[in-house]
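Take a look at the letters that make up each chain.
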Amino acid sequence: MIGSSIQAQTYADNKPEELFPPAVIKKIDINKLRQVNYEPTGSSQLFKADLEVGKTSLTAIEGDLIPEPSMPSRTEPLHHNIVDTSLLEQSHKTMAKLTPKAQQILRIHFVNQILSDLKQIQHHCNLPMAGVYANSLLHTMQTMRDLLPFDPYLELIMALHDALSFQNNWINYNIDQYKGAYEILMKLAQMEYINDEKVEKAIIKLEEIGFDTTPFEISAEDCEL
Amino acid sequence: MKKFPTPIPYKTIFQARYKAELKFYNLYISAAQQFPEYADWVTDRFKITLKDYNNHCSLTIAHNSFGYEQDSTDVDLEIKNISRTIERLPTALDVGSFLRLGYRQLYLISVDMPFESLVSIMNIKFFSQNNKLRQIIPSTVEDLMFRFNTSEEQYKHHISLGPIRKAEIPQWINFNADNHLNALTAEEDYRIIEQKYPETAVFIDIDFFQLSQQIPGSELLPFLDIARQKVREIATGLSEYLFSLEVEDRK
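So the protein sequences, as listed, match chains A and B. Residue numbers for the first sequence follow the numbering used here, beginning at 72 and rising by one. Residue numbers for the second sequence follow the numbering used here, beginning at 68 and rising by one.
Because the hints were derived from the structure by calculation, they are not lab data. No false leads were slipped in.
Now the stretches of chain A that chain B is said to cover, found in silico as 3 or more residues with beta-carbon under 8 Å:
#1 171-185
#2 205-219
#3 252-266
Sample of chain A residues with no beta-carbon within 10 Å of chain B, all distances over it, derived:
#4 Leu198
#5 Pro199
#6 Met200
#7 Gly202
#8 Asn240
#9 Gln248
#10 Gly281
#11 Pro286
For every residue, glycine included, the Cβ atom is placed at its ideal position computed from N, Cα and C.
Make the full structure from the sequences, and use the hints.
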């Protein structure tokens with residue numbers, strides 16, 4: 072299901088002339104699709120990818136020539152409309168100086184806060200108090216995004232963030248789902264070496280327990296190719 | 068499993084202050100004679116300093132205080148020497164109560180990462196990451212330092228910490244070469260000591276003290292026990308907070 076590549080027309084920025092040179096049919100990996108989807112709830116740029124196998128609800132027309140995407144990876148995140156440019160530059164400068172060990176230390180710093188909030192949401196599921204922890208959780212996830220934009224683990228964090236933040240969906244998930252998310256996040260964080268494959272598998276597990284990690288919708292008109 | 072570096076105490080100072088009285092001048096020489104383990108000494112009539120060059124430590128007896136200072140990482144030596152000091156000196160100087168008791172340790176936490184990475188970790192973990200603040204502070208944090216003045220019950224603490232390069236360590240850990248190194252070999256001895264400092268480290272300075280108009284002499288030992296435990300807890304706790312690689316499984 073999730074993780075299988077889909078053919079889809081992809082996001083492009085407002086400079087189509089730079090995108091078109093060698094036009095190729097491109098299969099877009101769903102995780103790359105998510106990379107353009109960094110917006111917290113309320114963003115004006117919404118994407119919706121129907122992830123059922125063989126179905127593409129995006130505007131891909133069979134046989135269309137799809138330009139080689141200038142798709143940034145999560146290691147070069149898009150922060151348009153999200154983060155002040157100066158803050159982004161600051162994060163990049165900070166991250167450029169981090170050794171892998173320093174990055175791991177900071178990752179665990181944020182992950183421990185996130186796990187703590189996930190555990191508290193489990194304890195207070197369906198109670199008003201859960202909102203306090205959900206707010207804290209999303210805030211920590213966004214801070215991690217701002218400060219550790221190159222960390223591969225961030226992809227998993229943002230997948231969960233998107234699932235929870237879209238239309239306040241955090242309120243609809245149940246204790247078992249939060250418990251499952253906790254286990255998935257913890258298992259990956261305990262690994263010393265994290266690569267894209269491990270992250271992708273973790274995101275698939277999130278989807279398997281019911282988290283919609285790509286909830287944002289995009290219409291054909293929004294894709295200015 | 069412990070997943071963070073151990074803070075090493077490079078300098079320890081213990082000081083007990085008391086009200087100055089004239090009887091000091093009749094007592095301080097005989098009091099100093101009770102410490103034959105210090106082979107060298109110097110006096111200026113306001114104080115006498117007993118020196119142990121081999122162990123890089125000294126004991127100073129003054130008209131209004133006595134204090135032990137050690138420039139080494141030998142924790143057992145520090146415990147032994149301070150215990151002897153508080154067992155013998157109050158009686159020998161006829162001091163029944165104190166105005167201030169202080170226990171201070173200066174730690175280094177050696178880290179195997181560049182200075183810039185260490186600054187980033189300390190910046191993210193100690194400074195607020197509020198967006199507005201981050202817009203105010205110029206974007207590249209090249210160096211930083213933290214200072215906390217805190218209290219708990221009757222005890223107060225001055226805590227300073229920051230990232231430090233090898234070349235900066237002598238400015239912050241002020242090695243008492245006059246009292247802790249033999250003048251004949253001091254230059255070479257200190258060069259060797261400097262060479263052993265870590266390339267990059269976290270510097271932690273914790274001053275734990277108690278102030279009062281009258282601290283009974285019976286408080287000396289309990290104060291030391293509490294001070295040692297608390298200072299060690301703070302140093303270890305800071306190291307764990309900064310460098311822990313443990314993912315906490317919360318129940």
